[in-house]
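J.: Here are the chains, one letter per residue:
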Amino acid sequence: MKSFNSTVAKSQPTNGLLAIAEAVALIEAGLPLSIAGPESAMDMLPAGNWIGGTTPYFMTVEGGRVITEGQVFVTDLSRMGSVSVAVYDADHLADISGNGPEHGFSLAIIPAGSVCHERFANEAADYPQAFLSPTVGWIAGVDLADPTASAKVYDGTGPTKHADRAVVAHIAQPEDVLASIEIVNPFKPGDGDVLRFENTDFAPTHCIVNGQPTNFAAYLVEHGMEGGMLPLIGDFAGAPINVSIKSVDRDTQVATLYAPVFPGVDYRFAAPLVDYAGTFREKLANHSLEGAVWSCNCILNFLHGSLEGKAIGGIAGPVTFGEIAYQLLNQTMVLVRQNAPDENEG
Amino acid sequence: MAIPLPTSPCWQKLANGGLAALRTNNVATQMLIKRMERSTAPAAQKAAEIHEYYAKWERSLADEIVQFNRG
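Protein chains in written order, with the numbering used here: chain E, 1 to 346; chain Z, 1 to 71.
This is chain E alone, in the form it adopts within the complex (with noise of 0.2 Å):
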């Protein structure tokens, strides 16, 4: 199994955490780059050919850190082919797959909280092109320490910093590579009530369990759920796709989530994980990385796992408030491997 190296080295493509003034270097090299980042240190890179969001949490080989000034993750697309970078508000997501490259897949991110997560979030699954031309990517985020923060986004070419629009990698690879766009996820689903929704909804009033209509705020509350430590896990033909339970205000009976949940798809809630951490490392030792080329992970693994220093296998990404797999997903691991058609999720 290959290791996927998280620092710099001169024989490989960086995929690792740098100092500004070595970002600043590879930017005006004119390697196209996706970079991730605190909001101060993202500000400081020129105009380049590249796309950045804010984080200041990564996950690196030698275990998850918290980055919140001084330095940026940068990954180099060149190794993964032709790349052209693109800005679309909200009602134009549909394009980020439609203008996508006839052989490769567009890297997208997304400011937590817009708009455009929204709607990205509610339709990516509908979107006519969203199967034939794959997108993969992530939301970004904030430092959860400070309460002012906003997440923003990076078009490299001005460079122009967005609140509220997905910045895009059209990645455009040979007709001989191909893209294997996976996930892995620690959860599986527990042996309790399936829920099913009657919307499409981030806050749903009601859901049905069991066959019976429900008050969801108040099940989460009497299951123990409102905590958020354990998804809901959508049933996709047998794909687990989780949604994280964001807050239940218990007055209100509000609750609100991570993901939207959708009709037609039977939820129950995750199996809860004796060992998060070491779950996840069993997950990705078992998982072949062979070709891995970028990859992202969820701020909830993250944080309910206290991956802050601790190593889980060697997949080096920014850690983010959504991913991004053809469609947004919650509380997963996402990467990207290149010719390995024959090996998909494991």
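Calculated from the structure, these hints are not laboratory results.
For clarity, every value in this text was computed on a predicted model and none was experimentally measured.
Hints are not guaranteed to be accurate.
[Stated by the list, open to error] DEER-style ranges, computed between Cβ atoms:
1. E/188 x Z/48: 34 to 44 Å
2. E/70 x Z/4: 51 to 61 Å
3. E/205 x Z/44: 28 to 38 Å
4. E/144 x Z/8: 49 to 59 Å
5. E/279 x Z/52: 36 to 46 Å
[Unchecked claim] Once the Cα atoms are required to be at most 20 Å apart in a straight line, the calculated SDA-like pairs of lysine to any residue come out as:
6. E/246 x E/272
7. Z/56 x E/128
8. Z/56 x Z/6
9. Z/56 x E/132
10. E/188 x Z/24
11. Z/56 x Z/8
12. E/188 x Z/23
13. Z/56 x E/248
14. E/283 x E/266
15. Z/56 x E/99
16. Z/13 x Z/54
17. Z/56 x E/174
18. E/283 x Z/24
19. E/283 x E/310
20. Z/13 x E/237
21. Z/56 x E/98
22. E/246 x E/221
23. E/188 x E/132
24. E/188 x E/278
25. Z/56 x E/126
26. Z/56 x E/278
27. Z/13 x Z/55
28. Z/56 x E/339
29. E/283 x E/189
30. E/188 x Z/25
31. E/161 x E/246
32. E/161 x E/89
33. E/310 x E/62
34. Z/56 x E/102
35. Z/56 x E/103
36. Z/56 x E/175
37. E/188 x E/99
Even for Gly, the Cβ is constructed at its ideal location relative to N, Cα and C.
Put chain Z on the given structure of chain E with help from the hints.
T.: For chain Z alone, kept in the frame of chain E given last:
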């Protein structure tokens, strides 16, 4: 393995519920199956979409194509 022609009845069969019987661990296919289940589009439109998907990803979905070529 070449995929069946767009006119093959296998695409209609897949659009009319046959996808549910497919054995796959490909996350894109699984999401597409759910999208087809939830969709109210006419079967012919679904069949065309399924064909387009397999035509595009023929190289990486040989195991699935074998299954509906057999059926």
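J.: None of the hints should be skipped; say for each whether it holds.
T.: Each hint tested on the structure:
1. E/188 x Z/48: 34 to 44 Å: holds, 35 Å
2. E/70 x Z/4: 51 to 61 Å: Taking Cβ atoms as reference, residue 70 of chain E and residue 4 of chain Z lie about 57 Å apart, which means the hint holds.
3. E/205 x Z/44: 28 to 38 Å: holds, 37 Å
4. E/144 x Z/8: 49 to 59 Å: holds, 53 Å
5. E/279 x Z/52: 36 to 46 Å: holds, 37 Å
6. E/246 x E/272: Status holds; Cα separation ~17 Å.
7. Z/56 x E/128: holds, 14 Å
8. Z/56 x Z/6: Roughly 13 Å between the alpha carbons, so the hint for residue 56 of chain Z and residue 6 of chain Z holds.
9. Z/56 x E/132: holds, 7 Å
10. E/188 x Z/24: holds, 17 Å
11. Z/56 x Z/8: holds, 17 Å
12. E/188 x Z/23: Holds, because 19 Å separates the two Cα atoms, which is no more than 20 Å.
13. Z/56 x E/248: It is violated: about 43 Å lies between the C-alpha atoms, which goes past 20 Å.
14. E/283 x E/266: violated, 24 Å
15. Z/56 x E/99: holds, 16 Å
16. Z/13 x Z/54: Holds. Residue 13 of chain Z to residue 54 of chain Z sits at ~14 Å (cutoff 20 Å).
17. Z/56 x E/174: Answer holds: residue 56 of chain Z to residue 174 of chain E is near 15 Å, not above 20 Å.
18. E/283 x Z/24: Holds - the C-alpha atoms of residue 24 of chain Z and residue 283 of chain E are around 19 Å apart, at most 20 Å.
19. E/283 x E/310: It holds: about 15 Å lies between the C-alpha atoms, which stays within 20 Å.
20. Z/13 x E/237: holds, 17 Å
21. Z/56 x E/98: holds, 15 Å
22. E/246 x E/221: Holds - the C-alpha atoms of residue 221 of chain E and residue 246 of chain E are around 13 Å apart, at most 20 Å.
23. E/188 x E/132: The given pair, whose Cα atoms are some 28 Å apart, is violated under the 20 Å limit.
24. E/188 x E/278: holds, 14 Å
25. Z/56 x E/126: holds, 18 Å
26. Z/56 x E/278: Violated: residue 56 of chain Z and residue 278 of chain E sit about 38 Å apart, past 20 Å.
27. Z/13 x Z/55: holds, 17 Å
28. Z/56 x E/339: Distance ~16 Å between residue 56 of chain Z and residue 339 of chain E Cα, so the pair holds.
29. E/283 x E/189: holds, 15 Å
30. E/188 x Z/25: holds, 15 Å
31. E/161 x E/246: Violated, because 27 Å separates the two Cα atoms, which is more than 20 Å.
32. E/161 x E/89: Within the cut-off at roughly 13 Å; holds.
33. E/310 x E/62: holds, 7 Å
34. Z/56 x E/102: Answer holds: residue 56 of chain Z to residue 102 of chain E is near 9 Å, not above 20 Å.
35. Z/56 x E/103: Within the cut-off at roughly 9 Å; holds.
36. Z/56 x E/175: holds, 12 Å
37. E/188 x E/99: Answer violated: residue 188 of chain E to residue 99 of chain E is near 35 Å, above 20 Å.
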